[in-house]
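**Student:** Letter by letter, the chains look like this.
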Amino acid sequence: MTDKASVPERMVRATPPGVARTVRGLSDRALAWVFIGPTILLLLAINIFPLLWTIYLSFTNYRANRFNRDVEWVGLRNYERVLTDDDIWQAMQATAHFVVWTIVLQVLIGFTLAWLINAKFRGSNFWTTIIVLPMMLSPAVVGNFWTFLYQPQIGLFNAVVGFLTGTDPASFEMIGDVDLAPWAIVIVDTWMWTPFVMLICLAGLRSIPAYVYEAAEIDRASAWRQFWTITVPMVLPFLMLAVLFRGIENFKMFDLVVQLTGGGPGSVTELASINLKREAFEKWRTGYSSAFAIVLFVTVFGLASIYVKALNKVKER
Amino acid sequence: MSANSVTEPTGRVKWIAGIVVVGYALVTLVPMVWIMLTGFKTPSDAISYPPKLVFQPTVEGYVNLFTTRTRATPEQLEELGPAENFAQEIVRERGMVIVGASRFGERFLNSIIIGFGSTFLSIVLGTLAAYGFSRFKVPLTDDLMFFILSTRMMPPIAVAIPIFLMYRTLGLSDTHLGMILLYTAVNISLAVWLLKGFIDEIPREYEEAALIDGYTRFQAFWKVVLPQAATGIASTAIFCLIFAWNEYAFAVLLTSGNAQTAPPFIPTIIGVGGLDWPAVAAGATIFLLPVLIFTVVLRKHLLRGITFGAVRK
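First to last, the protein sequences are chains U and P. Per my numbering, numbering through the first sequence is continuous, rising by one, with the last residue being 317. Per my numbering, numbering through the second sequence is continuous, rising by one, with the last residue being 313.
Wrong hints could be hidden among the right ones.
Far from chain U, some chain P residues (derived; all Cβ distances over 12 Å) [claimed, not checked]:
hint : residue
1    : V54
2    : L77
3    : P82
4    : R94
5    : G100
6    : S102
7    : T175
8    : K223
9    : N258
10   : G283
List of simulated lysine to any residue pairs, SDA-like, C-alpha gap at most 25 Å [what the hints assert, rightly or not]:
hint : chain 1 : residue 1 : chain 2 : residue 2
11   : P       : K14       : U       : G123
12   : P       : K14       : P       : L29
13   : P       : K52       : U       : Q153
14   : P       : K14       : U       : I130
15   : U       : K283      : P       : T268
16   : U       : K283      : P       : L253
17   : P       : K137      : U       : G123
18   : P       : K14       : U       : A210
19   : U       : K313      : P       : T268
20   : P       : K300      : U       : M234
21   : P       : K300      : U       : K313
Derived from the structure by calculation, the hints contain no laboratory data. Given the structure is predicted, the values throughout are model-derived calculations rather than measurements. No residue lacks a Cβ here, since even glycine has one placed at the ideal position from N, Cα and C.
Just chain P, same shape as in the assembly (with noise of 0.2 Å):
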């Protein structure tokens, strides 16, 4: 049945057992490909019937994807004179020049500060409170570790509600700091238990070392048990940055413009007559990328999470 059966499993049970999962896998991959060569596609290639498995790459999905477009008629065209790089021939095959900038860039940007942002301020109170949790005599520790993880179990729109007229008093409403500190306050408790259970396994026994040789509190914290906790540190700071950079319901409960995400934006990007689906298949593909790679690469540490918190939970 396993390794841990005394017979191990015969070489055919193996045999299906792998095609099983493979078939399953490449099942599961078809979705995400999909959206990627979507991604490559022309709008009318994208939207034909039945669904084009060979096609003629373009790159117009991302081109529409960057910029916001305007119709012109063929004489306006024809003043304008040679399209200048590949872009504005590709949109004026269309009829269209460009105008400017979409505000995929600005939202991506977004994503980027609030996700990093929100990811830095977990790991930097996490890892103090995970520490002072595993080191120090704290009263009702358990407790207070409960209610650190209980957090974690509220929906989000139960706390929409105040929250929202909490930042609308404040000003912190569509600000990247407002959003910052609420994507912390989710992530913190993900960020305490698994960083615990990481410094846990470090024994103590280095920084009584470092306080005996004069090291303060602090000292020892930063220079002996930070540098043993790194991969921990790193592989929880991936945790933080993936659900950060998934969020959407807050983002569209309280976010209305300067400080919006990508999630929200990129099911909203329009085309002619209707949504612009390489268009947006470019977008997610772009917002999909980073995640798929972390995953691909870390995947030893990212599972080892996944586990590991479920487990200690």
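Same shape as in the complex, but just chain U (with noise of 0.2 Å):
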């Protein structure tokens, strides 16, 4: 996402030309700056000074809470340090497992949803906004909360899994198991953003005008292929789309699982950004944690920018 030629289409819809040249006194691209000047001027502040102040700390073996300490330049060790630290790549496989999974489930429940709300049964606004509730919720309180539906012995959810499939309730623990705790914090995840996958698919599925399906219709196409070459090709940019947020999101996932498991038992679920937050501001490794910081921005960006051209080629299609 670096390039421009990498931004989609719709994005660099050009601007058309300024009403009238010169009003009184300030000419139009000096008053464009005092329209714009504010916003540009915010966000250098507060995002960009602060991104070259973390990539010049990755460098050094600064470390926030000792003041008087001398800075040294330690050039690339840092770095060297993050990619050969087994911590790290646990962090980065906890992550990938729940970007992945987390993806792969709101895909398929989401778009199933979208098609199926698309069949406008009597109702069906109603219970699209129910569904759409969770993701308007804050991440923190909802994770907070689900450890306590995750209890084995007084939680709903055991209780409820309990009655379905006939186990102790008390016999299973979502968040104190190893084996299952990269499962609890996928089932929250989904709970909550499946609906903005929907949302988003529910958009394609809107935008497939009727003259498509009424050719296909005229061919006497099965509707089974009209789904396949029609509906899924018509959605996919759409969808391609929301997994671009959901990845970048859960990505830089922090709020829920924090709340939720805190990282552990043990570290089965520390995701990047949580040991990335406990080597910044618990162990104080300002330099080092700097660098993973940077090292994750990388990786986010160009995952993101490679995703974007294939976006892209299917949107051309």
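Dock the two chains into a complex; use the hints.
**Tutor:** Pasting the structure below:
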């Protein structure tokens, strides 16, 4: 997502020419900066400047909890250590598991729901609103409360699963078990964010013009064939966009999982951001964690830009 | 398959679709309903095994949420005489007395100040910038718009360390102003993108007429464009507010007391022997309700905003 060619086509809509070239003293160009300047300044101060600072810190051995220590330039040593650190590889693996499974589940469930809602049964708008509610909530509060639902003895989740499967609700522990905890966070994220994928798919389904189906109907294409040759390809760009957003969001996931499992048990659900927070704000290894932050950042942007290229190809088809 | 199809879905297809969707929606609702119910349980009902569906409702959780209590011996309670209000009565049943207000009120107020403050600022700056991009010939418009969008893709933790250092130097850490500026910076990308879409849709002839009538640029913007963009501004504002309301990572890293919002605070409400779940649930309910109400009342605008934003990006 670094070069202009990879920007989705809709983004580069040309700006129409100004209304009047000069009005009362201030030229249009100067006026434009009066309008746009404050926003750019704020973003430079609170986004770009800190980012550049992070890059600088990543080459030093600075520790934010020790004011007076001399800051030493250590070159690429932090990066070397980040890339060879087992903890970080484990965090990346946990993140990959989380990102891949949430996307798979959210795409499957979200698309299916959108497709069903598009059948426009009675009351579909009302039920759509109900489904959308979880994504409006605070992830931290949601995560916190799901720990309650996941309690082995008293939690509702265990009671329901126990009732449905006939097992003892006290016999399994979603967030205390090394094998189950990675799935516990996947379940909550899926509960919370499937509606997002669903909405984007719904927008895609509604954008398919009726005449395409009419033409297929005249050609006597079966419903199955219509689904695979019209519906799926036409929704695909939308679906891929939803995947992009969910992928970026979940790659930097922090609040929901911190409150849900705190990275535990052990560190099986310690996602990249959680590991980063621990290094930066608990161990105060500022330089080292800055290097990790930059590695993460480059990974996200790298993957995202490759992905956007693929997305643009799909759109062109 | 849909209204797009020549053959409308048959009654049976609609029935099946309806049942599946309603079933999913009901499952979705369960955790939210459970939070709200738990807020009206006693601590022992909340942690009973198996989970209780039928219980005697109480506002104990809410009383615990808003007060700080201390344990008292029966003799001490005896000396105090009868309870003066229902809140004292409830805690007295547990052998406690109320010693003051809890910090939930403060935190909730901080959420309101920071949420509305940053929303206001995002909307002011965002509307100006969106107007600028929409109406003027700005050099490198597309690059600037993309730059603005890309700031949203940054992981918060990647910039949290220098922001922490910067705020410490400027004296902005743990202040309302610092958090308002930060949330504004995070929200502004969305605000500019959504608002530019809305302003692009307003015909520029309106302003041209106003300019010919002798209005200045600002007057034309203020008196002609703003009223036209009101709905778009309102729905963008709700998005910004929901984000600032729900944000956790920056709040937990950059605030410690003075400017801390409710999301980092709610999970820390401790009762006797661990988390006081009814109080936590009461706090969560109070905190979630505004957003739930917004969502239901403004669902058309919100849903449009989400898909609109996504499709444009």
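**Student:** Was N258 (chain P) rightly flagged as not at the interface, with every chain U Cβ beyond 12 Å?
**Tutor:** holds, 18 Å
**Student:** Please verify that the nearest CB of chain U lies beyond 12 Å from S102 (chain P)'s CB.
**Tutor:** Nearest chain U Cβ is 17 Å from S102 (chain P), so the label holds.
**Student:** Could you check that no beta carbon of chain U comes within 12 Å of the beta carbon of G283 (chain P)?
**Tutor:** violated, 8 Å
**Student:** Evaluate the condition: distance from the CB of P82 (chain P) to the nearest CB of chain U exceeds 12 Å.
**Tutor:** holds, 35 Å
**Student:** Straight-line Cα separation of K14 (chain P) and I130 (chain U) no greater than 25 Å?
**Tutor:** holds, 19 Å
**Student:** Taking 25 Å as the top limit, are the C-alpha atoms of K313 (chain U) and T268 (chain P) close enough?
**Tutor:** violated, 48 Å
**Student:** Would the hint linking K300 (chain P) and M234 (chain U) be met if the CA-CA limit is 25 Å?
**Tutor:** Distance ~24 Å between K300 (chain P) and M234 (chain U) Cα, so the pair holds.
**Student:** Per the stated criterion, does the least C-beta distance between L77 (chain P) and chain U lie above 12 Å, as a non-interface residue requires?
**Tutor:** holds, 30 Å
**Student:** Would the hint linking K283 (chain U) and L253 (chain P) be met if the CA-CA limit is 25 Å?
**Tutor:** holds, 14 Å
**Student:** Can we confirm that no CB of chain U comes within 12 Å of the CB of K223 (chain P)?
**Tutor:** Non-interface label on K223 (chain P) holds, nearest chain U Cβ at 15 Å vs cutoff 12 Å.
**Student:** Against the 25 Å threshold, does the CA-CA distance of K14 (chain P) and A210 (chain U) hold or violate the hint?
**Tutor:** Status holds; Cα separation ~19 Å.
**Student:** Would the hint linking K137 (chain P) and G123 (chain U) be met if the CA-CA limit is 25 Å?
**Tutor:** Given that 25 Å is the threshold and the Cα spacing comes to 46 Å, the pair is violated.
In summary, the numbered hints that this structure violates are 10, 17, 19 and 21.
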